[in-house]
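Listed in order, the protein sequences are those of chains P and W.
FYI, in our numbering the residues of the first sequence are 1 to 191.
FYI, in our numbering the residues of the second sequence are 1001 to 1357.
Worth flagging that the hints you see were computed from the coordinates, not collected in a lab.
Here the structure is a predicted model, which is why all the values come from computation and not from measurement.
Backbone N, C-alpha and C fix where the C-beta goes; we use that ideal spot for every residue, glycine too.
Hints are supplied without guarantee of correctness; some may be wrong.
Here are the simulated lysine-lysine pairs, PhoX-like style, with alpha carbons at most 20 Å apart [stated by the list, open to error]:
#: 1; chain 1: W; residue 1: Lys1047; chain 2: W; residue 2: Lys1103
#: 2; chain 1: W; residue 1: Lys1208; chain 2: P; residue 2: Lys188
#: 3; chain 1: W; residue 1: Lys1027; chain 2: P; residue 2: Lys138
#: 4; chain 1: W; residue 1: Lys1183; chain 2: W; residue 2: Lys1325
Each pair of labels, with its calculated beta carbon distance range [as the list claims (entries may be wrong)]:
#: 5; chain 1: W; residue 1: Ala1038; chain 2: P; residue 2: Asp72; range: 44 to 50 Å
#: 6; chain 1: P; residue 1: Ala33; chain 2: W; residue 2: His1326; range: 31 to 37 Å
#: 7; chain 1: W; residue 1: Asn1028; chain 2: P; residue 2: Asp155; range: 32 to 38 Å
#: 8; chain 1: W; residue 1: Asp1052; chain 2: P; residue 2: Ala67; range: 38 to 44 Å
#: 9; chain 1: W; residue 1: Ala1039; chain 2: P; residue 2: Glu73; range: 54 to 60 Å
#: 10; chain 1: P; residue 1: Gly70; chain 2: W; residue 2: Asp1158; range: 19 to 25 Å
If you want the footprint, here are the derived chain P segments under chain W, 3+ residues with CB under 8 Å [stated by the list, open to error]:
#: 11; stretch: 20-27
#: 12; stretch: 99-111
#: 13; stretch: 128-134
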Amino acid sequence: MDSAEARDGKHREQRKPGLAWLHRGLSKPLAAAAAIAGFTLWAHFGSGVQAFRSQVSSAPGWQQFRASYGLDEFGADSYFVRAAQNGYNLFYFTHRYGWRFTRKTARDAVNACAGCHTIEDLAYGFVNSDRFDARLGKRISFEERVMRCYAGPMDGFVPTLYDPAVRDIRILARAVAHHLQLSEGARKDKG
Amino acid sequence: MTALPAKLLKVALIVSILGGLYLLAAKNHAERDARRQAAVEITPACKAKLKDYALRPGELYRSPYLLRTTGSWSELRGYSEEDVRAIQRGCNIVDDTQGQLAKDGASERWNATRFSRSTHSSCNHCHQGVGDKQDAAGNRPVGSNGLAASWVMADMYDRFTGLLLPYELRQMQCYINSSNGFKPNADDDLIRDVTAYSRFLTAALDLKVGNHYPEQGIDEIPASATLRRGDDYVRGAHVYRQRCATCHGPQGLGTVVQGRVLYPALAGPESFSSDSRMNFERINSVMPGFICRNMPPGQEGSLDNQECRDIAFYLSTLPRPAGDKHGPLAAAWQQLMMTVMLPLTRYAESLGHNGRL
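If we strip away everything but chain P, and leave its shape as in the complex, we get (with noise of 0.2 Å):
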């Protein structure tokens, strides 16, 4: 008897504090849900993380290089400025904008694209690509040619195809090409 009435005061006692139930229901949502939402802030606010961040770091030297290759005669589509401004931070700051894809670090003398290419070089590679190359024995597209930077002389990870660290760094090459007035199979030598 005396369990039996302990149990119903037990249940009395549980039913008492009106919504305390629901709390006690909803406290784990509301913590998951907490922390998503804290999460999402954090990243897009604190991190720094570029690939949370919708806009692009003002690398050095990007506003003079927007200036000399006409990066904003593109029209009035920022879109395509902004990737290029992001292709423009792979290029000569791979180590840092690159990281997921690349081992090197600040303290390799060769740690960006720029290491090994100029800016026109990537322009005329562009206007050079999806071609036939014999010592691959098969035709490599530029997106193609990035991936394989960043698997080798970067020595790090292949990117997918549609990646903005392959995408924007075709696009930057597209601005340039575009400053330098290149059609398609223009050769250096002739430039």
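Following the hints, position chain W against chain P.
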């Protein structure tokens, strides 16, 4: 004791299935490689186009078009034999996507029909002149959807998709929407050969990367380019019957003679899907622009802006395959309409032809 042989048997079965799949993939890979090495049987239109642009293997490429139009050469990097074959195959795909002119069937076009539910669609229908339309004087008409001009302006922001749209992705959209089909891989030979051909055209025409040329894309006709009488599908049906039905058929089902598509379907199961940019209901300025600048062949420019909009509006009211974005209910409805409405309208029109309506 019996458990061990059963387990071994399972392992052997799995290994043999995986081995079989590997061998099948290796065989397909070898076949593709052999196809890449084989001489290309080019279509008559491609033969004329590539001969005109002097495509041949060599260290340097000099465009005869440039010499004709400007009187000067430009020495560009030449093409290897492998590159020439890729360009020839790309031209074939643009001219004859369905492989109707191919001796060796669909495999000669990298089985492009796998990616197209429509048996009519061919790149050449929208990208006329094998992707490089020219008038008798060699001028490239405004809004003629030239492939070369598209390639030099690829990667730009596309307002319809909200993407910086690479050339390869744009081709995929053509397969999905214009051909009412499926997306090939970006690295598929089917896509890459068309890119190789498009890039060759830019060399032949000496187009510069990032410049806008008038033949790029479609010269859209918004309502503001008309006298604002409003678009009217009844008027559109009337003009369609007068100017378009001779080739595309009274129902817009296209004309097929002895298995060859002479004029593509604009409605019905072989047509572009409702997700296509050509569908007036989705984007109301593209199809009118295409019609006004490119139709009827040989009489381009003979329709005024309002007539083009009316025709496009009328076409959008005809049943066609629902695009992926429309969901299963819309797809079922369109399927029903294609099954029921087309024969009914055909019957009604046959009465009309006998003067009884």
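Range hint 54 to 60 Å (beta carbons of Ala1039/W and Glu73/P) holds or violated: violated (44 Å)
Range agreement (Cβ of Ala67/P with Cβ of Asp1052/W, hint 38 to 44 Å): Roughly 42 Å apart at Cβ, these two residues keep to the hinted range, so it holds.
Restraint check for Lys1183/W with Lys1325/W, where alpha carbons must lie at most 20 Å apart: Status holds; Cα separation ~14 Å.
Gly70/P versus Asp1158/W beta-carbon gap, inside 19 to 25 Å or not: holds (22 Å)
Chain W over the stretch 20-27 of chain P, status - at least 3 residues with CB closer than 8 Å: Check failed, 0 qualifying residues.
Within 8 Å of chain W (C-beta), three or more residues of the stretch 99-111 of chain P: Violated: only 0 residues of the stretch 99-111 of chain P have a Cβ under 8 Å from chain W.
Assessment of proposed distance window 44 to 50 Å (beta carbons of Ala1038/W, Asp72/P): holds (48 Å)
Holds or violated: Lys1208/W to Lys188/P, with C-alpha atoms at most 20 Å apart: holds (15 Å)
Outcome, coverage hint (the stretch 128-134 of chain P, chain W; C-beta under 8 Å; three residues): holds (count 5)
Restraint check for Lys1047/W with Lys1103/W, where alpha carbons must lie at most 20 Å apart: Holds, because 15 Å separates the two Cα atoms, which is no more than 20 Å.
Pairwise beta carbon distance, Asn1028/W to Asp155/P, judged against the given window 32 to 38 Å: holds (34 Å)
Agreement of Lys1027/W and Lys138/P with the hint, judged by alpha carbon distance not exceeding 20 Å: holds (18 Å)
Of the numbered hints listed earlier, those contradicted by the structure are 9, 11, 12.
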